[in-house]
Each structure stands twice: as C-alpha cells, then as structure tokens.
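Kindly generate the complete structure, drawing on both the sequences and the hints.
These protein sequence lines are chains L and B, in that order. So for the first sequence, the UniProt record's numbering puts the first residue at 1; every next one is plus one. So for the second sequence, the UniProt record's numbering puts the first residue at 1; every next one is plus one.
Some clues are possibly wrong.
[As the list claims (entries may be wrong)] Interface residues of chain L toward chain B, partial, derived using beta-carbon atoms under 10 angstroms: (1) M48; (2) D180; (3) L214; (4) S299; (5) Q308.
[Unchecked claim] Covered stretches of chain B, as calculated for chain L (at least 3 residues, CB under 8 angstroms): (6) 125 to 135; (7) 143 to 151; (8) 210 to 221; (9) 341 to 351; (10) 377 to 386.
Calculated from the structure, these hints are not laboratory results. Think of the CB as a built atom: it goes at the ideal place given N, C-alpha and C, for glycine as much as any other residue.
Single-letter residue listing:
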Amino acid sequence: MGLVEWIVRLVLSPGVFAPVIFPGLLTALAVLLIVIWAERKIAARVQMRVGPLYVTRHFGGVLQMLADGTRYMFQEFIVPETADKVPYMLAPALALTLAIAPFALIPSAPGFAPVKSPYSLPALLAILASTPLSVLLMGWSSNNKFSIQGAVREAFMTLAYEVPLFLSALSMAILYGSMDLEEIVGRQFLPGALLNPVAAFTFFVAMVMSSGRLPFDIVEGEQEIVAGPYVEYTGIVFGIGMGLAYLKLYALSLLYSLLFLSGWEPLPRALYSVYPGLAGVWLFAKAFTLMLFVVFLRSVYGRYRLDQALRAGWRVYLVLAVVSILLSCLLRVVVNV
Amino acid sequence: MLSTSSGVVYSRLLLREGDESVYELFIGPQHPSSGHMRFIVRLQGDVIVSVDPDIGYVHRTMEKLAEGREAIKAIPLLERLTIIDSHNATVGLVTAMERLLDVEPPPRALYLRTLLSEINRIASHLYGMGIAGIMLNHSTMFMWAFGDREVWLQLAEELTGARLTHTYSVPGGVRRDLPQGFGEKFEKAARYMERRLQDYMRIFLENPQVVARYEGVGVLKKSEASRLGVVGPNLRASGVKYDARLADDYGAYKDLEFEVPTREEGDCMARMLVRVEEIKQSISIIRQVLRKMPDGPILSEKYLKLLPPKTRERVLQEGRVKFPALFASLKLPAGEAVARAEMGHGEIFYHITGDGSAKPYRLRVVTPSFRNVILFRYLAPGHRFMDFPAIYGSLDYFPPEADR
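Structure (structure tokens):
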C-alpha cells in the first residue's frame, strides 16, 4: 500500500502533475489532437464544406486526428542514404524534448509551479528560443535542397520574431516588477492586455510568427519547398515535425494568458479546493480560446513572403516592442502602477 | 538585359557559367505546386536567377493521335487537352472542320455554342483563381472557387449531359437543344456568382496579405507581352486589347455586346482582376444569349436531310441530335482550314488539313498555355523564390494543355 500511496502522491505533486499531466505533456498531446481537428473544422466551416467526417461521424470526426496519428505511427521510417544519420535521428527527439520542456516552468495555480524560480519567465523564453536549433539541425542533416532552404528560412524567421517576442514579454516583467510567472499573475489587478496593449499585440503577432501559423507559415512553405526542414522525414517523426509548431503555440498561448490575460484569475475556488492543480482549468480555457483564434487565421490569410515577414519583424514589431518597453517604464515610473 | 548565350534566354538577370553561388532547385514533376511539369529553378540566395520550364509529363502526341482516327473522334480526344475548359478547347476545331467541310451551322446552334463557351470560361477562370489561391496557401479561396465551379458544371451538365467532357459542338451544329427551365437556373447561378465575386474580392483580392504578395510582382510590360506572343487574360492585363472572340468570326459573338476588360499594370494583381471582370462579362454575355436566341434547328440542314423523315421529325421535336450514319466516317475534303477560339486561358489555334479521307491528314493545335509557358522564364527571374508560386498562380497555366 505504501508504494501506491507514494506513487499517487508523486503524481499529484506539483513537480510532476503540472509538467506531465496538466497543463503539461498529456494535456498538450490532447490539445494537439483537438486543436488540429478544430482547425480543420473551423476552416471547413468558413470554406463551406464539412471537414473531417468519417471517423466518429456522430461527433464531427473528432477522432480523425487520432486515426491520422495511428497511421503515422505505423508508417515506415526511412533514413535517406545521403543524410547525416546521427543528427538526422537525434534532431526530432531533441525538438520534441525542447518543445515540451517549457511546461516545466508554467504554473497552473498559485503555488503550483513545477519549478519555482524568480526567473521563470526568461528561463521559459530561453527554452522556447532553443527549439529552432533542432529544426535547423533537421533541415541541415536531411541533405536535401528543399530542407536546407527550409532550415535557412527558420534561421531567418527566428531572429525576426524572437526579438519582439522577448522584448514584449520583458516589458511586462518591467511593468510587474517581477520575472516570476506566478508573481506576474498575482500583480495583475487588470489584465495585462489592458495595461500594455502594445506589448499584448506585439507578443501576439510574434507568437503567430513563432508557431508558424498563417500568414507566417513560411518555414514549411508547402507550395515552394514542400515541407521545408521536414521534407525527408517519414512516419511519426514527420508527425513530430508537424506537431512541433502546435506544441510551441500551446506553450506560448499559456504564456500569453499568464502575461496578458491574468492567468488563472479569477480563481475557481471550488476546483482549487478539490485539487490545486485544477485551478489551471481557467488558464487552460483562455489559452485554448487563443489557440482557436490563431488557427482560425488559416481561413483568412495566405502566406506572406519571407522578406515581407522579416521586414514586418524587424521594422514594425521590433519598434512596437521597444515602444511597449517605454510604455511599461512610463506606467511603472511615472504613473507608479 | 537579355542573355542569349548557347541558345538559352536567361532573361533579366545574367547567369555566369560555373557560378558557385547559384543554387539549382528542381521543382516537380511531383511537387505540391508544380502541376504536371518540372521547373529547373536557379537561385542566388533567395533570388531567382532563371527558370526553365520542362513540359511534357502528362501526355504527348495528341495531334498525332488525332491524325490516326476519324475526324469526328478528334473532338472527344482534343477536349482532354484542357479538361476544365473542354468546350472552348474544341469549338475552334469544330469551326475549322466546318470551314473545311463548307457547312454553315444554324444560328441557334451558334448561340448554344456561345452559351456553353461562356459557362466553360467562367468555370475555367474559377479554377484558375482557386489554384492561384492555393499557391499563396490561401485555402479558403481555393475551396470557394472550386465549390462555386460546381454551380457552372451543373449548368453545363444540364445543357450537355456531361460534367466535363461535353463533346457538345459537332460539325454543323450542336448535339442538344436548350433544356426546359434553363433560363431560371442560369439566373439563379448568375446572381449567386455576382454575390460571390464580391466575397472573393473581400477575402482574397483586397486582403492586405494578398495585395502585398501580388502588387508589382511579375510585371509583364505591354511591349514584352506582344513581343512574346502571350495570349488571353495575361495579355489583356498588360494593356493589349486582343481577344479571339473579336478577331475571329465564330459562335454568335458578333451579335452580342460585350467588353474586353484590360488593365495597364501587367502585374499578378492585374491578371487576377482581369479574370474577375471577365467572369462578369461572361455572365452578361449569357444573359444576352438567352434573351436573343433565335428559334430553329440545331443541326445544319445539310446533315438533317440525311436522316430518315421520321427520325428527323423526332430530332427536331426532342432537340437531341441523332447523328446520320455519315458522321461515323465524315470525309474531310482535300484542303486546309484554320480557326481560333478564345479559351479561358487565351487563344487556341487549329490548323486542319484534309486529303479526302475520313482521317485528317494533318491536325495542328497551338494552345494558349503553350504560348504562355515562356512567361515563367521572363517573369520569375529577379523575384524572390517565394514569388514563384504567386506568379505561377496568376498566369493560370495549365500543364496538360501545353503537353499537346
């Protein structure tokens, strides 16, 4: 009995429950399936068609993604003769690890942070910033012209979106006077999006860019470079490549909710008293709604050109990010929020 | 700045042999946006230095195949060149055969041909716009255009009995008369389409993202357009007012009033807008056709009188042609004839030579896409690699048509 109790306690402890179960790994994988399904359904609604239908017909084909995933699972994994084999196999695993690692730093309720640190915001951003490296590695080790093109695009884009993303996130840290995500939520007497709308907007656009959603899905530009860095990958590893962007989007949406939408506030006390980790349901709902909006953009926009996206990143959103820092300083120093 | 060394025109940018900064990318024939063809794209960084279109991956020797069978069988064969626009593709052939056979189709048949041609043109433009949409990864435009194409395919099916390969025009007339209640069905479709065109403008052509991708990209100057022998909306978007419907006397176009929309810019946006305008014009042409259509037979008197009297009576009554036995081995007299027609993609040109046998001695066709394929070589160099699909989409290029 002692062992079972110990396991239950271990699983329910913040250090395991938050990153592995909710809102971390398991929830993330479920979200991955649901959001891709939702994306297809939303696009289908706009485009006057049905979308996924045949698997679980009565539930709008909700299990379609699971079926697709299963198919990916059983597909042969082909390693091209000319690929650089070790990095070729290592890079997807690295990418998946780096995409899931941010959940270790996201608190889902007051006092329910897996890793407590006064620097959880910059740590989270640092982990998010390292995923493109594995994508670069994927593209380069594939030794295919299309994948190298994709890798180079990833490199270009990373620099263009990362700077505005960081600066707008840090402007909120300036505003709240803290880099601890848990504290940041506590300091929001108003949602951050109202306190610093410039930062909220910049962060949102950089988030869309970073997760490769339209109109910035340049890295995988299907019409130009087939699947970009993932072109040589098959089976479930290709699935990882595709899911990577969604995982990143999920992590960033959670971060957005924490920074700008006052996180788990107002706290659902009933859930919190059942189990503290469940207070994150509200945070999750905010993040998921945001994700739905981001995937909805697919039915409105096409794809920007690489140079246009870079120009937007460097000339518009970088400037806006700097403005958001100034705004934060102004609010903090002059108005003394 | 043109380089013609070793017989290859590299157009606007010079390419040095053995330049190591040049990066060669083979796009197609199996690629999300290449269509059934291959492009050899050379890049310097992200800038296209040259594009060599390599056609011929769908079918070849359509012309030669047509020479091996009876003339009448060339119609269903050659409509497979451009299956999305099949009546426009063969109406030129039928006109040429009529000129060779010296048959005059009755006026009602001419009006019916014009009707189907315009329905085909709308469907073809919708196809082109849908493809242009997906080339920019704008899946909504793709789905909308392809869904709305269905409206016109159903009208064409109503008229001819076939969704895609209508084989509607035959030498001397058409195969079927106008079905009952076609006018109301068309009017409904036309009103729907006019409303949808506004939606297209809002979500696609006025979308800031699409404007950024299209404006000033792939500019074809007026002088270049006429020098290269480009045809169709691509030519008219560069300011040249040429349309085979005006240039050649076929169908009922001389009785109808319509405008040939042109634009001066010559960029991708202009090409798309010309197509939108042409859809509007086509709707207006069909309205006129339905208003002005004369009564009378739908097959030439010359062939009708070959039928037994009872069958002839029934054909005239039902409005469905029962072909006289002669059609199975229609003999083309010695001589030659040419005809052209305006397809959705541009002008198609037929040259048919007869030697008195049932098979054409020579049958040659110059398709619009074959004349437009040169544009890849001229428009893409100097642009970013990501502009390549944008330019491709705006050209409304249809690979199987070039592979005749």
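Would you list, in rising numerical order, the hints stated earlier that this structure does not obey? 2, 9
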